[in-house]
Amino acid sequence: MKHVKVLGPGCKRCDALVTMVKEAANEYGIEVSVEKITDYAEIAKAGVASTPGLVIDGKLVHAGGLPKPDSISAWLAA
Amino acid sequence: MSTQTETFAQPPHARQTALWLAGLAAFLAAWWGIYTHLIAFSEWLVSLLPVKRESHLGDALAFFFYDTPKVLMLLALVVFGMGVIRTYFSPERTRALLSGKREGVGNVMAAGLGVLTPFCSCSAVPLFIGFVSAGVPLGVTFSFLIAAPMVNEVALGLLFGLVGWKVAVTYLAFGLSLAVVAGWVIGRLKLEDWLEDWVKEISIEGTAGLPEERLTFIDRLKLGIDAVHEIVAKVWLWILLGIGMGAAIHGFVPEDLMVRIMGADAWWSVPAAVLLGVPMYTNAAGVIPIVEALLGKGAALGTTLAFMMSVIALSLPEMIILRKVLTLKLIGVFIAVVASGILAVGFLFNLIF
Chain A
1 MKHVKVLGPG CKRCDALVTM VKEAANEYGI EVSVEKITDY AEIAKAGVAS
51 TPGLVIDGKL VHAGGLPKPD SISAWLAA
Chain B
1 MSTQTETFAQ PPHARQTALW LAGLAAFLAA WWGIYTHLIA FSEWLVSLLP
51 VKRESHLGDA LAFFFYDTPK VLMLLALVVF GMGVIRTYFS PERTRALLSG
101 KREGVGNVMA AGLGVLTPFC SCSAVPLFIG FVSAGVPLGV TFSFLIAAPM
151 VNEVALGLLF GLVGWKVAVT YLAFGLSLAV VAGWVIGRLK LEDWLEDWVK
201 EISIEGTAGL PEERLTFIDR LKLGIDAVHE IVAKVWLWIL LGIGMGAAIH
251 GFVPEDLMVR IMGADAWWSV PAAVLLGVPM YTNAAGVIPI VEALLGKGAA
301 LGTTLAFMMS VIALSLPEMI ILRKVLTLKL IGVFIAVVAS GILAVGFLFN
351 LIF
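So the protein lines, in turn, are chains A and B. Per the numbering used here, the first sequence runs over residues 1 to 78. Per the numbering used here, the second sequence runs over residues 1 to 353.
The following block holds chain A by itself, in its conformation from the complex (with noise of 0.2 Å):
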């Protein structure tokens, strides 16, 4: 089981982010739970600067932009 967070104030990237997890998930048949964090102070306090950023497992892997689809698949198999 993966514990994700995306890290967000909820824009529409950070809704994005979460489905391609989800599907990513999916597709390799991971268990993952997925969370929003939406805290600015929280956002903060994980190092993004830009969001949506994205910890698995209480590491940060990404932050600013959409990851490539690969990359998340990676990250979740890792």
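These aren't lab readings, by the way, just hints derived from the structure by calculation. All figures in this text were calculated on a predicted structure; none of them were measured in a lab. Just so you know, not all the hints are guaranteed correct.
[Unchecked claim] One side only, chain A facing chain B, incomplete, derived with CB under 10 Å:
| no. | residue |
| --- | --- |
| 1 | LEU7 |
| 2 | GLY8 |
| 3 | TYR28 |
| 4 | GLY29 |
| 5 | LYS36 |
| 6 | LYS45 |
| 7 | ALA49 |
| 8 | SER50 |
| 9 | PRO52 |
| 10 | ALA63 |
| 11 | GLY64 |
| 12 | GLY65 |
[Claimed, not checked] No farther apart than 30 Å at their CA atoms in a straight line, the calculated lysine-lysine pairs in the DSS-like style are these:
| no. | chain 1 | residue 1 | chain 2 | residue 2 |
| --- | --- | --- | --- | --- |
| 13 | B | LYS200 | A | LYS5 |
| 14 | A | LYS36 | A | LYS59 |
| 15 | B | LYS200 | A | LYS45 |
| 16 | A | LYS45 | B | LYS101 |
| 17 | B | LYS234 | B | LYS222 |
Yeah, the Cβ is synthetic: ideal placement off N, Cα and C, and Gly gets one too.
Please arrange chain B on chain A, whose structure you already have, making use of the hints.
Same frame as chain A, but now just chain B:
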């Protein structure tokens, strides 16, 4: 990955890059070929229509058919170039570059990086907190936050297309100077205490944990193309509207209609334009129809640019978002400093052009 597989993978990859470069060169050549024939194209298009070329309508149509592809082509080129350059920058890396920088040098760097770093106003707040809490001085952060939305590829591309490269370059220079000076002044005022308390308490250490995504040159070109798609899809309607209005004015309205109100002789027109711009909130693309219409009616360039800068850099909704991290006093100072800067830019532009 072992070194062996890497050396193995390189030759086809190099070939692919060469292919992309060749494609890019061919595209640029075609771009230039079309761009230099736009007048002939628009005249030809009008000659197909049952309209007299010498009539008002013929004049307006020729202007529209020439200006629309011209502006879209220039915009696409500028956005593509900036899109590729921006893949080399990220807010996180910019923050690391600016962290602990002295004022002065820091302000100049921040303004320059503000133009190059990909930035979306929706992440202005996390970016602000992220910068300040990582040890970027407040004034330096403001230099970045002023330059990023104001001097962007859309504004530059559209000015380039609509009014010419000299104005675009001057706008770039003045926009950067404004960001540097305003940020420096805010830094001198030592207003760190005027941040909201919870912002002061956050401190980030060791944010270098983010691994860089490895991008090939082809990836960067693809991202540049993505940027063109995204931005042209967002702004084409505004551009058509603006050019349509401009064309109507070009064909029908007498040139000196607005000269008296917004011409260079009316000194109060610059402050009026700045005041008018504050409650309006739109991006560079949204102001363009207005800018085009104003210029078409004979408004002075400085006045028009002051209006444009005010709409983009000073907007109520953005102030309300920033209110989460800044105290009202600090927002007041920010508005006062930036507004004075825009006034100066407006007056200077009216003097120069």
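Against the structure, the hints:
1. This hint holds: A:LEU7 has a C-beta 8 Å from the nearest C-beta of chain B, less than the 10 Å allowed.
2. Taken as an interface hint, A:GLY8 checks out: its beta carbon lies about 8 Å from the nearest beta carbon of chain B, inside 10 Å.
3. This hint is violated: A:TYR28 has a C-beta 19 Å from the nearest C-beta of chain B, more than the 10 Å allowed.
4. With a cut of 10 Å, the hint placing A:GLY29 at the interface with chain B is violated, because the nearest CB-to-CB distance is about 25 Å.
5. The restraint placing A:LYS36 at the interface with chain B is violated, with a minimum CB-CB distance near 14 Å, outside the 10 Å limit.
6. Satisfaction of the interface hint for A:LYS45 is found here, the shortest Cβ-Cβ separation to chain B being roughly 6 Å, below the 10 Å cut-off.
7. Residue-level restraint check for A:ALA49 holds (minimum Cβ-Cβ distance to chain B is 3 Å; threshold 10 Å).
8. Here the hint on A:SER50 is kept, as its CB sits about 4 Å from the closest CB of chain B, short of 10 Å.
9. At its closest, the beta carbon of A:PRO52 sits 8 Å from a beta carbon of chain B; the interface hint therefore holds under the 10 Å criterion.
10. For A:ALA63, the interface hint holds, the least distance from its beta-carbon to any beta-carbon of chain B being 6 Å, beneath 10 Å.
11. Proximity of A:GLY64 to chain B holds as hinted, the smallest CB-CB distance being about 6 Å (cut-off 10 Å).
12. Interface hint status for A:GLY65: upheld, as the beta-carbon distance to the closest one in chain B is roughly 7 Å, under 10 Å.
13. Distance hint between B:LYS200 and A:LYS5 is fulfilled; the C-alpha atoms sit about 25 Å from each other, no more than 30 Å.
14. The suggested pairing of A:LYS36 with A:LYS59 holds, with an alpha-carbon distance near 15 Å, which does not exceed 30 Å.
15. Among the hinted pairs, B:LYS200 with A:LYS45 is consistent with the structure: their alpha-carbon atoms are about 12 Å apart, no more than 30 Å.
16. Taking the CA atoms of A:LYS45 and B:LYS101, the gap is about 21 Å. The hint holds against a cut of 30 Å.
17. For the suggested pair B:LYS234 and B:LYS222, the alpha carbons sit about 18 Å apart, so the restraint of at most 30 Å is met.
Violated hints, in rising order: 3, 4 and 5; the structure is consistent with all others.
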